[in-house]
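**Student:** For the protein sequence lines, the chains are A and B, in the order given. Counted the way our numbering counts, the first sequence spans residues 1 to 346. Counted the way our numbering counts, the second sequence spans residues 1 to 592.
For the record, the hints were derived by calculation from the structure and aren't laboratory data. Just so you know, even glycine gets a beta-carbon here, dropped at the ideal spot from N, CA and C. Keep in mind that a hint or two might mislead.
[Claimed, not checked] Simulated restraints on C-beta separations:
(1) B:V88 <-> A:L128: 52 to 58 Å
(2) A:G173 <-> B:I291: 51 to 57 Å
(3) B:V88 <-> A:G58: 44 to 50 Å
(4) A:G173 <-> B:V10: 52 to 58 Å
(5) A:E236 <-> B:W80: 40 to 46 Å
(6) B:F129 <-> A:L117: 36 to 42 Å
(7) A:K59 <-> B:F354: 58 to 64 Å
[Claimed, not checked] Per the computed footprint, the stretches of chain A lying under chain B, defined by three or more beta-carbons under 8 Å from a beta-carbon of chain B, are:
(8) 166-176
(9) 194-207
(10) 243-257
(11) 319-325
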Amino acid sequence: MDFSIAAFLVQDGLISGAVYALLGVAIVLVFSVTRVIFVPQGEFVAFSALTMAALQAGKTPGTLWLLLMASAVACMLELVGSFKTGDKSRAVRALLVYAVAPAALAAVMLWVLPPQLPMLVQALIALLLVVPLGPLLYRIVYQPVAHGSVLVLLIISVALHLALTSFGLLVFGAEGSRTPTFSDERWQVGPLSITGQSVWVIGASVVAIALLAWFFTYTFRGKALKATSVNRVGAELMAISPTGAGSLAFTLAAAIGGLSGLLIGPINTMFYDTGFMIGLKGFVAAIVGGLVSYPLAALGALLVGLLESFSSFWASSYKEFAVFTLILPVLLWRSLRTHQIEEDEE
Amino acid sequence: MNRGRIGVAVFVAIVVLGPLFLPEGIITMLNYTGLYGLVAIGLALVTGIGGMTSFGQAAFVGIGAYATAYLSTAAGWSPWAALVVGIVVTCATALLLGALTLRLAGHYLPLSTIAWGLSLYFLAGNMEFLGGHSGLSNLPVVQLAGFAFDDPRKFSYLIWAFVLLAIWLLRNLLASREGRAIRCLKGGKVMAESMGVNIPRSKIVVFVISALLASVSGWLYAHLQRFVNPTPFGLNYGIEYLFMAVIGGAGYVWGALLGAGIITVIREWLTDVLPGLLGQSGSFEVIFLSILTIVLLQRAPEGLWPFIAGRFAAKGDGKKAGVPVEDKAMPLPKRSAEAAGTMLLEVKQATKRFGGLVAVGGVSLEVKAGEILALLGPNGAGKSTMFNLVSGVLPLTSGSVSFLGKPIDGLRAHDIAKLGMSRTFQHVKLLPNLSVLENVAIGGHLRGSAGIGRSALHLERAEEASLLAEAYRQLDRVGLGQLKHVPAGGLSLGDQRILEIARALCADPSLLLLDEPAAGLRLKEKEALAALLRKLRAEGMGVLLVEHDMDFVMGLVDRIVVMEFGQKIAEGLPHEIQENPAVLEAYLGSVE
């Protein structure tokens, strides 16, 4: 291996690492606020990339149907809930949020928008379709069992992942797609050739993480979210709604996932089930950070990205094996640090 | 004969006679139910009962299947020899993975099972000698004493022989000393360690057993199909096994089998019916099963088995027929009592810091055989921390603890229990679903010796009878004898505390640590407890006691140590303590 190959592999690893870092951060966020280990995080990635691809092909993306179906179920749940409590304003709100808004979106998508749109608008539409899935899934799947044990929530997450992937196969089909790059620029720096797309990915990832840091440090809702993750009961006593916090965490996770999908879509060919592998790598990163530390998770993500790109050079068929085996020494290191009898989970 | 037994008999009759006349399609489903059921039963043990979620069982199935596929084709071995090798390799892998990951808290374990499940899958798909992604074919037919299991009907007997054997062994195991230790893994780890159960060992044992069952399932699968490739051992199948256990009822051995049956049948049915119904083919059955799992977990987290078991349970007085107690059982050997005045416990300058907080700062105390020492102090004085330091639940920051002249700081709780120290907890720790008697029997864990093998084969019934008789004797001694078959969770808080004392006594300790035993007791019960403690003292036992009730303490104990803010502020005879100005200030505010 000479320097230029190494430099290329590092660049490749950094690009994937930047996306894994975003996902790792989303997973830590969702877990710390809701205790949900969000296995379907990768689905947001795949769905947003495939939505983008469908828009560019001038087709109606299948995500729209998923959004409409999820909205209908959530609307029903809310209506039943408001009927039981006799809360009329909740029913009206449910109809507006879960029926009128999605219907309007669908109408615009199907009949108003011209088939060819600028790329930026397409990206916005893709996000508009993917991001609401976060809070919708939270409402339908997790909110009814918000107090369940971590393990119940985890098994539910896995089931949801399977349901979403199978749905993805149904609406997007088995063939993969790749979206065009945002930028075709190339700069030669010494032996290194830097692509515009890689600058986009790393830049967007850094900006997104900086925005999140700003959100948690300087905004009221961000602080409320942080409070919930530190002490759920305490936050609730301070009138921070755990449901609201959960919903917000899922919205952010979906937004991060959607963004990652747009970023990675031009680099990797995306299939309906690619998201899972990408999401899992985010997980490995998150676990490196012990599921609590954001900076460690981001560092872990870079490590995963580099490991992946170097092992794909040396032994490409063992690439996945190498990434998932990385987790074992990390776990060993963690288990050596905990030696007293663990207290039982409540 | 109760309805449960009839249910089992009917079920056995179906798997024995069914293959003679049932149609091919049903036999296939029965076979797959058995194959999946074997894995799901192991998961019930590890997840439902042991509290450790594993998504990686399919990888163990794969090891069993590939071991026999390789050895019986390329190496030309007998499938039975390959079965043994497969089991050995699986158990070794499970031991290694378990040693790496089972000490991790709650959610790390399931995540790591996902990771190594994937690793093993990718490894198998890339190994040249295992046939890569296309796999290995032409496996030989399994033969036993000249009988060839060469079609699905005949093979069905082989599968179900293994399944029923596994159920029998597991149910035996769960109704034994080791079984009680395993049940402690979910919700009673700290307590069990203090009763002498080696929790890390129990975890590994349970994990290895579940891997072993998965490996056997893989062997059966390989010889039923006579072909293997990596697909059935990937993560998706690992997930599906967990769904089976959860849908059926992960806490129940039969429930896991039920779940395996339900998923097998539903999937078969869905793949046939749904595409026709919806006019297009796709993975509808996965969507359906996933949604079913989600809804079920939202509505019935215990799974479906409890509903069915409820129908089979004997009606009548509604009481569970408890474990019988035999009067004729051989009494357990007792520890020889220490001579009165022997130094039992010697704590020197014990210190415990939690970050910047000094919970216990340089406290020394000693307890001799045949004496009761009370540890007094206002709330937050560090008394319970002191207990945890002495019994090994928490490690010391500095200082030393010795028991019977032997340093014990740094030992694990179960090793300390072995030396003859037993304790109760301020916040009662018991297994609410087990009967009072079984809870007390956990205390006798170290007085039995039957291991996993003997327990699973029920060769330890004499010892088990002695253990239960001893548990009953202690229960009777504290006055709870008539409640022995009630679930422990149904007792009043006061009775639960008394139960903890019986459990501690069941360990036949030389030193008894009691954390607020009289809280929640009525006057008569307190008097009975005091009488019991006096009797134990007369027998030469040492007692260290944390208590708030002054009347109870003053008339009973020999010496008192008083703590405040983690420091020892006084030590002496009860009447000296009553007049000690520092103590009065701590309890009543300063005396001007």
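**Student:** Please go over all the hints and tell whether each is borne out by the structure.
**Tutor:** Okay, the hints, checked on the actual structure:
Between B:V88 and A:L128 the C-beta distance comes to about 56 Å, which sits within the given range of 52 to 58 Å. Checked against the given bound of 51 to 57 Å, the beta carbons of A:G173 and B:I291, roughly 21 Å apart, lie outside it. One distance hint, 44 to 50 Å for the beta-carbon pair B:V88 and A:G58, is violated here, with the actual separation near 59 Å. Range check, A:G173 to B:V10: Cβ separation about 47 Å, and the 52 to 58 Å hint is violated.
Between A:E236 and B:W80 the Cβ separation comes to about 60 Å, which falls outside the hinted range of 40 to 46 Å. Against the hinted window of 36 to 42 Å, the Cβ-Cβ separation of B:F129 and A:L117 comes to about 53 Å, which falls outside the hint. Distance hint check: the CB atoms of A:K59 and B:F354 are about 60 Å apart, consistent with the given range 58 to 64 Å. Taking a C-beta to C-beta cut-off of 8 Å, the segment 166-176 of chain A contributes 4 residues in contact with chain B, enough for the three needed, and the coverage statement holds.
Three residues within the 8 Å Cβ limit are the bar, and the segment 194-207 of chain A against chain B gives 0, so the coverage statement is violated. Closer than 8 Å: that is the beta-carbon criterion, and the segment 243-257 of chain A has 0 residues meeting it against chain B, so the requirement of 3 is violated. Taking a C-beta to C-beta cut-off of 8 Å, the segment 319-325 of chain A contributes 4 residues in contact with chain B, enough for the three needed, and the coverage statement holds.
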